[in-house]
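Trainee: Sequence:
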Amino acid sequence: MNPFFNFTENSGIITGNLDTLGSSFVPEKLPHREKEIEHMVRILASIMRKQRPSNLILYGKTGTGKTSAAHHVTKLLSEATGPSTKVIYCNCQIYDSPYSILVNIVNTIKGDTEEQIPSLGWPLDRIYLELMGLLSREGGALVIILDELDKLILKNGGDSLYVILKIIDDSVRTITSIIGITNDAHFIETLEPRIKSRLNQESVVFAPYNADQLRDIISYRLKGVVKEESVEPSAISLCSAIGAQEHGDARKALDLMRIAIEIAVREKRDKLTDREIYEARDKFDMNVVREAITTLPLHSKMVLLSTIISQETSNGQITTGEIQENYRNMAVELGISPLSIRRISDILSELQDYGLLTSITKSLGRYGRTRFFRTNGEISHYRKYLLEDEVLSSFKGSRMVRQARFDSIDQDEAEKFLGNIRDSKPADD
DNA sequence: ACTCCACAGGAAAATTGGGGTA
DNA sequence: TACCCCAATTTTCCTGTGGAGT
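Residue numbers (numbering that gives the first Met the number 0): 0 to 428.
Check before you lean on any hint, since a few could be wrong.
What follows is a set of in silico ranges between Cβ atoms, one per label pair, in the way DEER data are often shown [as the list claims (entries may be wrong)]:
| # | residue 1 | residue 2 | range |
| --- | --- | --- | --- |
| 1 | Thr369 | Gly15 | 53 to 59 Å |
| 2 | Gly354 | Ser233 | 25 to 31 Å |
| 3 | Gly138 | Gln115 | 18 to 24 Å |
| 4 | Glu266 | Ser233 | 16 to 22 Å |
| 5 | Asp169 | Arg265 | 53 to 59 Å |
| 6 | Gly15 | Arg136 | 41 to 47 Å |
| 7 | Glu266 | Ser135 | 57 to 63 Å |
Everything labelled a hint here was simulated from the structure, so no lab data went into it. Backbone N, C-alpha and C define an ideal beta-carbon position, used for all residues, glycine too.
Generate coordinates for the entire structure from the input sequences, incorporating the hints supplied.
Mentor: What follows is the structure, encoded as structure tokens:
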């Protein structure tokens, strides 16, 4: 018997495609976002009158439907105007330079029928000219969706945005407009005035969903995917409650539901209850950490491993200096040339951004000012995921000895020093 | 009040490596 | 093949900083 058939036969509770619960799926309707969508439509409607609309900025936390709404509205727009309107979606976490964004725009407009330009090698102005050529040829309208716009500003100031705003001015035959999406409401304030004024934006705020709204959303998305009677109402409520706790994050709530259904199918259970939701949550949290760690570049992994090794032996928070030292030793042992101290400092900040580490900056007076780091999750999990790396797997059995930076100081002082660290309260950010 | 530690983090220079061109 | 351009990454250099010691 082919083992794969086990998975087709008993999918008792499933009646449709689970992908519709994924974050990339754009549903027909977005419950509880009617007002926001109407607002967006009203502004983009200028395109129908061959006028340039204001640029739109969508604010809201993750999983509040900003991206879905942008896709939804632009899809409606395309349907209304036909192929003369081009919509380009650009995630600024991936396309984070003027260069890569322009390449993305040009290649999307060209589509499959024309030869794409290479993602590296061409000078910026040549790509820009190419784009201008395309735009004056195509006419119509161009809507550029810039998702995670704040990441773009963070990375290289307003430069990228400036280039894109320039497209708007320079494209005479094509109406060009931007939809910026961000979860950081303050980022606009950090922009240079010349960019801020050119952005002349309308903003749409996406408030977090509450548990009731999340329940509606989940129920709506579940239609046609699973048998209605096989999902207990309390499971949906629980799922919504968890999503509501996570600042009204519909993405997380839907992800949880999807994982829960997968668990139920795999375990051949015929009902979806709270139990599956709880199991899904545990799995979800683990997966996020695992994904974050295993996809890290080698040097970042080494820095993280240095951190957890130090933390294990000192059972407290450890300083940048200690991590640096461990990292260097590790590099020597592996025969890899270490990165500079400055870079490690940045890597530590990155690890913090990923939520793998937390730090507090503390001044110890005579003993300097430094950050104290601590892992966020289970050290054993971190270690397990890190050691999956081929290069780092050689550290499996071996225990690295913490470099005692107190060798030169006497024991009392060292104790006092450690005491300080333990007593220190985490900063409230 | 002043010093000085051990860094943080900004800015600019240097390196790396893909891709085009002669 | 040698060489130029370019963006991205990393290093080098630098100034700034909070608070225990003095």
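Trainee: Give a verdict on every hint.
Mentor: Evaluation of the provided hints:
no.	hint	verdict
1	Thr369 to Gly15: 53 to 59 Å	holds, 54 Å
2	Gly354 to Ser233: 25 to 31 Å	holds, 30 Å
3	Gly138 to Gln115: 18 to 24 Å	holds, 22 Å
4	Glu266 to Ser233: 16 to 22 Å	holds, 19 Å
5	Asp169 to Arg265: 53 to 59 Å	holds, 54 Å
6	Gly15 to Arg136: 41 to 47 Å	holds, 42 Å
7	Glu266 to Ser135: 57 to 63 Å	holds, 59 Å
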